[in-house]
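Student: The task is simple: from the sequences and hints, build the whole structure.
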Amino acid sequence: MGSANDDLETLLFESKTTAPLFDPAYVRRQDLIQSLRASTSRIVTVEAPAGYGKTSLLAEWEHDEDRATGWLTLREDDDDPAALIRLLARVCTAFASEAESVFTQIATTQTGVLSRLAPALALALSRCERPFVLFIDDVHVLRTVGCIDALEVALARVPAGSQVVLASRQHLAALARGRVEMSAARVGAAELRIDLDGAARIADEAGAHVDQSILADWVDRCEGWAAGLHMYALLSRSRPFAVTSDHSALADYLYRECVRDLPEDTRQFLLRTSILTTHIPDLCDAVLERDDSIRILRDLESRQLFVTADVDGRAFRLHPLFREYLSDELQLESASLVPALHARASQWFAERGQLPAAIDHAIAAGEFPTATALVTAAGLPAYEAGQSATLGRWLREIGDANLLANPSAVVVFAWFAVLAGSDDDARKWGTLLGMVPDDAAAAGINVASAKAMIRAIMMRDGIESALEDAEFAAEVEPLESPWRDPAVQILGSTLLHAGHEERARIVLGEAIHIASVHGNPASIVICESELAFLAIEAGAWEQAAPHIQRALDTIRAGGIEGYVMSAYAHASAACLELHAGRTLSGRRYLARAMSERQRCGSAVPLLSIPTRLLLVRAQLAVGDADAARILLDEIGEVLPPGLPGDALDTRSAFARNLLAEHTRTRERRADSVALTEAEQRVLPYLQTHLTRPEIAQRLYVSPNTVKTHISAIFQKFGVSSRSEAVRRGVELELLGKATELTPV
Numbered sequence: 001m002g003s004a005n006d007d008l009e010t011l012l013f014e015s016k017t018t019a020p021l022f023d024p025a026y027v028r029r030q031d032l033i034q035s036l037r038a039s040t041s042r043i044v045t046v047e048a049p050a051g052y053g054k055t056s057l058l059a060e061w062e063h064d065e066d067r068a069t070g071w072l073t074l075r076e077d078d079d080d081p082a083a084l085i086r087l088l089a090r091v092c093t094a095f096a097s098e099a100e101s102v103f104t105q106i107a108t109t110q111t112g113v114l115s116r117l118a119p120a121l122a123l124a125l126s127r128c129e130r131p132f133v134l135f136i137d138d139v140h141v142l143r144t145v146g147c148i149d150a151l152e153v154a155l156a157r158v159p160a161g162s163q164v165v166l167a168s169r170q171h172l173a174a175l176a177r178g179r180v181e182m183s184a185a186r187v188g189a190a191e192l193r194i195d196l197d198g199a200a201r202i203a204d205e206a207g208a209h210v211d212q213s214i215l216a217d218w219v220d221r222c223e224g225w226a227a228g229l230h231m232y233a234l235l236s237r238s239r240p241f242a243v244t245s246d247h248s249a250l251a252d253y254l255y256r257e258c259v260r261d262l263p264e265d266t267r268q269f270l271l272r273t274s275i276l277t278t279h280i281p282d283l284c285d286a287v288l289e290r291d292d293s294i295r296i297l298r299d300l301e302s303r304q305l306f307v308t309a310d311v312d313g314r315a316f317r318l319h320p321l322f323r324e325y326l327s328d329e330l331q332l333e334s335a336s337l338v339p340a341l342h343a344r345a346s347q348w349f350a351e352r353g354q355l356p357a358a359i360d361h362a363i364a365a366g367e368f369p370t371a372t373a374l375v376t377a378a379g380l381p382a383y384e385a386g387q388s389a390t391l392g393r394w395l396r397e398i399g400d401a402n403l404l405a406n407p408s409a410v411v412v413f414a415w416f417a418v419l420a421g422s423d424d425d426a427r428k429w430g431t432l433l434g435m436v437p438d439d440a441a442a443a444g445i446n447v448a449s450a451k452a453m454i455r456a457i458m459m460r461d462g463i464e465s466a467l468e469d470a471e472f473a474a475e476v477e478p479l480e481s482p483w484r485d486p487a488v489q490i491l492g493s494t495l496l497h498a499g500h501e502e503r504a505r506i507v508l509g510e511a512i513h514i515a516s517v518h519g520n521p522a523s524i525v526i527c528e529s530e531l532a533f534l535a536i537e538a539g540a541w542e543q544a545a546p547h548i549q550r551a552l553d554t555i556r557a558g559g560i561e562g563y564v565m566s567a568y569a570h571a572s573a574a575c576l577e578l579h580a581g582r583t584l585s586g587r588r589y590l591a592r593a594m595s596e597r598q599r600c601g602s603a604v605p606l607l608s609i610p611t612r613l614l615l616v617r618a619q620l621a622v623g624d625a626d627a628a629r630i631l632l633d634e635i636g637e638v639l640p641p642g643l644p645g646d647a648l649d650t651r652s653a654f655a656r657n658l659l660a661e662h663t664r665t666r667e668r669r670a671d672s673v674a675l676t677e678a679e680q681r682v683l684p685y686l687q688t689h690l691t692r693p694e695i696a697q698r699l700y701v702s703p704n705t706v707k708t709h710i711s712a713i714f715q716k717f718g719v720s721s722r723s724e725a726v727r728r729g730v731e732l733e734l735l736g737k738a739t740e741l742t743p744v
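Residue 697 in the numbering used here sits at position 697 of the sequence shown, with consecutive numbering throughout.
Note that these hints are calculated values from the structure, not bench results.
Mixed in with the good hints there might be a few duds.
As the list claims (entries may be wrong) - Pairwise CB distance ranges, derived in the manner of DEER restraints:
#1 Pro703 - Glu289: 54 to 60 Å
#2 Ala68 - Ser334: 43 to 49 Å
#3 Arg169 - Glu264: 29 to 35 Å
#4 Arg28 - Glu289: 41 to 47 Å
#5 Arg37 - Asp299: 34 to 40 Å
#6 Leu11 - Gly444: 30 to 36 Å
#7 Arg143 - Asp195: 30 to 36 Å
#8 Asp299 - Glu76: 39 to 45 Å
Note that beta-carbon positions come from the ideal geometry of N, C-alpha and C, so glycine has one too.
Tutor: Below, the structure is given as C-alpha cells:
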C-alpha cells in the first residue's frame with residue numbers, strides 16, 4: 001500500500017509540475033515569446049480573462065525554451081503560503097540545488113514563511129549558476145494575501161538572464177508595484193487576441209472547413225477570444241449555430257452546444273466528475289461507481305473537447321472554463337448528487353493516504369464527523385509544515401460545533417496549538433477544550449487529564465493551581481498511556497517553577513525515561529532544558545552541558561525545530577557557549593532563540609518565562625542591557641498571578657537585579673539591535689512592497705502602530721530605508737536561511 005500511495009502522490013505532483021503538451025500545429029505566438037525572451041524582464045506576468053490562451057502561451061514558450069525550465073500549475077489546495085513556497089522549491093530543485101534548503105527552514109506561522117521560507121528560496125534562485133525560466137500558471141487561485149506576499153519575496157532576486165512567467169486571470173497588483181525594481185513585463189488580453197491567421201489554424205486543427213469571411217466574423221464577434229474560436233470551430237463541423245458577441249452568454253451557449261450531441265452517459269460523466277480538479281481514471285471510477293473511465297476520457301481527448309492528458313496518459317485535465325461550466329450545470333441539474341460524489345472522492349483519497357484532498361472532499365460532502373477525524377490525523381503534519389492557512393480554513397469550514405462533537409479532535413488540536421501554534425491558537429483551543437465535559441468519551445484519551453495538563457501549561461490561575469492540575473494528570477495517566485510522559489514532564493516543570501527543585505529533578509528524570517520509551521522528543525527536550533536551567537542557575541556549567549547537548553540532539557533527530565521548546569534549548573545553549581568564551585556560536589544560538597521566542601509566548605508561561613530568564617543572562621553576557629530590558633518586560637506581561645516571593649517572582653526579581661548590577665558596573669551599549677516581538681513580526685513585511693496600512697491589515701493592528709514599529713527597527717538597525725533594514729535583518733539572521741548551528 002505504501003508504494004501505491006507514493007505513486008499516487010507522485011502522480012498528483014506531476015500533474016501540477018508537467019507542462020501541457022504543445023501542438024506546433026496550433027496557434028503560434030513566436031514573435032511575442034521571442035520579444036519577451038530577448039528583454040531584460042526577469043518577471044513576466046500574463047494577465048487576461050479565462051480562455052485567452054494564457055496556458056497555451058506558456059506551454060509554447062516552455063516547449064521552445066533552451067534554458068532550464070520548471071513548471072507549476074497552481075490549484076485551490078495550494079492556497080497556503082508555506083505549502084506554496086515548498087511546492088515552488090520542489091520545482092526549482094531541478095535547476096537550483098540550493099532550493100532544497102527551504103525544506104530545512106521552520107515556519108509555523110505566516111511571519112515565519114516571510115522571514116525564513118520565502119527568503120531562503122529567493123537566495124537559492126539568486127545563486128542559480130545556469131539561466132532558467134520558471135512558469136507558474138493559474139496564479140489567480142491564490143486568494144490568501146499571505147501567498148502573494150510570500151511569492152513577491154521569493155521571486156525578488158531572480159538573477160539576470162533568468163525569468164519567471166506568471167499567468168493569472170486577475171491583475172497581479174503586488175508584483176506590479178515592484179515592476180521597476182524587479183524588471184517586470186506585462187502581457188494582457190490585447191497581446192493574446194487571436195487574429196485571422198490564428199483563427200484559421202484553430203479551425204484547421206479542429207477539422208473545421210470554413211470560408212475566410214466566416215472566420216473573420218468569428219474573430220470579430222469573439223474579439224480574438226481563443227476559447228470561443230475553438231468552440232465555434234468544433235460546432236461548425238456538424239451544424240449551423242447562432243452567434244453572439246457577449247463572452248458570458250457566448251461561453252454558456254457554446255459549451256452547451258458542444259456537449260449537446262454527446263451520448264448521455266458521456267455527458268453525465270463530464271458533469272459528475274467536474275467536482276475533481278484532476279481526472280485520474282481510477283478516481284473517476286470510484287466517484288461514479290463504474291470501471292471504464294479511461295475509455296471515456298480518451299474518447300473525449302480524441303474529440304478535442306477541452307480534455308487533455310498528461311505525458312504518460314495517467315491523468316487528464318479539463319480546461320478550467322469547461323470545468324466551471326460543467327460544475328454549474330451539475331448544481332442546476334443534479335445538486336442532490338453532489339454530496340455523495342464528494343464523499344466517494346474523499347474515501348478514495350483517504351484510503352490512499354492523501355489526507356488534504358480527502359478533507360476537502362469530506363467538507364464539500366457535508367460529512368463533518370469524517371472531516372474532523374481526517375483533520376485530526378492531518379493536523380500535526382500541517383502544523384509542522386507551517387500550513388496554518390490551510391489548517392485554519394479546514395477548521396473554519398468544519399465549525400466549532402462539529403469539532404466539539406469529537407473530544408479527541410479538540411484534545412489533539414489543543415496540544416498542537418500549544419506545541420507549535422500561536423498564542424491565539426493556544427488560547428482558542430484551550431478555551432474549546434475547557435468546554436468539553438470531563439467525562440466525554442474520547443478514544444485513548446482521559447479528557448479530564450488532558451484539560452488539566454493544558455491548564456497547567458497555560459497557568460491562567462497561577463502556579464499553585466497549575467501544580468494541582470499537574471499532580472492530578474500525573475496521578476490518573478497510567479504507565480502505558482501515550483499521555484503519561486507529557487503528564488509527568490508537566491508535573492516536573494511545574495514543581496521546578498513552584499520552587500520544589502529537588503523533587504522536580506527526580507520527576508523530570510522519570511519523564512525523560514518514559515518519553516524515551518514512548519518516542520516523544522518534545523517531552524525529552526523540555527525536561528533536558530529544565531535540568532539545564534537548574535544547573536545554569538546553580539553555576540554548575542559542567543552539569544548543564546550534557547543536558548543541553550541531549551536537548552539539541554533530540555530537536556534535530558525528532559524533527560521538532562520550531563516547536564515552543566526549541567527557543568528554551570537554544571537559549572540554554574547560548575548561555576553555555578557564551579560562558580565558555582565561544583562567542584561566535586553563542587551569538588548564533590542567542591540570535592536563533594531570540595527569533596524563536598515569538599512562538600514561545602504568553603499562552604505557555606510554563607516555558608516562555610524560563611526561556612526569557614535564560615535569554616536575559618545571555619544578552620547581559622554580550623553586553624546588551626536594552627535587549628535584557630525588553631525580555632524582562634515580556635516576562636512581566638506573562639507572569640501568572642501568584643504570591644509575592646514565590647519561585648517565579650523570585651527568579652524574575654533576580655534577573656532584574658542582574659540587569660541593575662550590569663547597568664551600574666558596565667558602560668551602557670548604545671547600539672542594541674534587539675527587536676521586540678511586535679517589531680519582529682513587522683520586519684518580514686519590509687521585504688514586500690506592501691504599504692503601512694496593508695501591513696497593518698495583515699497584522700490586525702493600526703497603521704500608526706506599524707509606523708512606530710518600523711521607526712524603531714530603523715533606529716535600532718541604524719538604517720533609513722526598507723532595503724537597508726532587510727539587509728541588516730539578514731545579517732542578524734532574523735531573515736533568510738537560518739545558519740546551521742555548531743554543536744555545543
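Student: Hints first: check each against the structure and report whether it holds.
Tutor: Status of the hints after comparison with the structure:
Separation of Pro703 from Glu289 is about 56 Å and conforms to the stated range, judged on CB atoms against 54 to 60 Å. Under the hint 43 to 49 Å, the C-beta atoms of Ala68 and Ser334, about 46 Å apart, fit the expected range. The hinted window of 29 to 35 Å between Arg169 and Glu264 holds, with their beta carbons roughly 32 Å apart. In this structure, Arg28 and Glu289 meet the distance hint of 41 to 47 Å, their C-beta atoms being roughly 43 Å apart.
Checked against the given bound of 34 to 40 Å, the beta carbons of Arg37 and Asp299, roughly 38 Å apart, stay inside it. The supplied range of 30 to 36 Å is met by Leu11 and Gly444, whose beta-carbon atoms lie about 34 Å from each other. Taking the beta carbon of each, Arg143 and Asp195 are about 34 Å apart, inside 30 to 36 Å as hinted. Take Asp299 and Glu76: their Cβ atoms lie about 28 Å apart, and the range 39 to 45 Å is violated.
This entry does not satisfy hint 8, going by the numbered hints stated previously; all others are met.
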